[in-house]
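Adding 6 to a residue's 1-based position in the sequence shown gives its number in this note's numbering.
No wet-lab data here; the hints were simulated from the structure. Small disclaimer: the values here were computed from a predicted structure and weren't measured. Heads up, some of the hints might be wrong.
[Stated by the list, open to error] Derived DEER-like restraints, expressed as beta-carbon distance ranges:
id, residue 1, residue 2, range
1, Asn18, Gly224, 41 to 47 Å
2, Ile157, Met184, 29 to 35 Å
3, Gly224, Arg136, 33 to 39 Å
4, His27, Lys206, 49 to 55 Å
5, Thr181, Pro93, 49 to 55 Å
[Stated by the list, open to error] Dumping the calculated DSSO-like pairs for lysine-lysine here, alpha-carbon to alpha-carbon at most 27 Å:
id, residue 1, residue 2
6, Lys206, Lys47
7, Lys164, Lys47
8, Lys164, Lys109
9, Lys206, Lys109
10, Lys47, Lys77
Backbone N, C-alpha and C fix where the C-beta goes; we use that ideal spot for every residue, glycine too.
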Amino acid sequence: MERSSLLIADGNRDACSHLRHLFNEMFVNIDCAADGIAAIKLFRRHEYHLVILDATLPVADGRTVCRQICKMSDVPVVIISERSALPERLSAYRSGAEDYIVKPFEGDELLARMNIILRRREHVPAKPPRALIFFGLYIDTRSRTVYVNDIPIPLTPKEYDLLLLLSRNPGQVYTREMLIDIVWGDDFFGSPRTVDTHIKTLRNAIRPYHEHIVTIRGVGYRFDE
7 MERSSLLIAD GNRDACSHLR HLFNEMFVNI DCAADGIAAI KLFRRHEYHL VILDATLPVA
67 DGRTVCRQIC KMSDVPVVII SERSALPERL SAYRSGAEDY IVKPFEGDEL LARMNIILRR
127 REHVPAKPPR ALIFFGLYID TRSRTVYVND IPIPLTPKEY DLLLLLSRNP GQVYTREMLI
187 DIVWGDDFFG SPRTVDTHIK TLRNAIRPYH EHIVTIRGVG YRFDE
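All chains should be built: construct the whole structure from the sequences, respecting the hints.
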């Protein structure tokens, strides 16, 4: 089986190192996150083939992170926990977890179970990300619908395209000319200040998450996570 990428999220540094060592020969790339928000940010930036989450992650727990990832992607998510009670396991599965591993576990068994999950996914065509999620800002890329705190927000096609472009490339600065070229294309006629007008109405529409869109004075705009 082709080696691929793994995301591990565990607040315990030693536990994360142990899992990294355990999976070192199975995956080409292994990233570790120390809390739930860091895990979500890494997941948005990189392509992974498997995600392993500790149930008691700091900031955002494993089930919360699992739900967010499953809204964005079909990548299998596994939750590891010290709790073996049935309600805990069922809650993890309802969150979208592919498997639930109880600590302490045998390394060989964990490897075997992850191999089964990956083999099962080998012949399933990869799907594009379903959504981009930034806390209460939810961008459904299939329906081109944006939600703020679960409420659908009406955007014009150009407002949506601007938001999608910026949010898919967090941290990257776009000049007004670049945004016109990418979003409007060759059919654009008018002033570069048209971008400012669209950004202003877009920010108003996505409040209170408007501060994700940052003005770079004299240059353009970027999206901050």
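- Output the numbers, in ascending order, of every earlier hint that fails for this structure. 8 and 9
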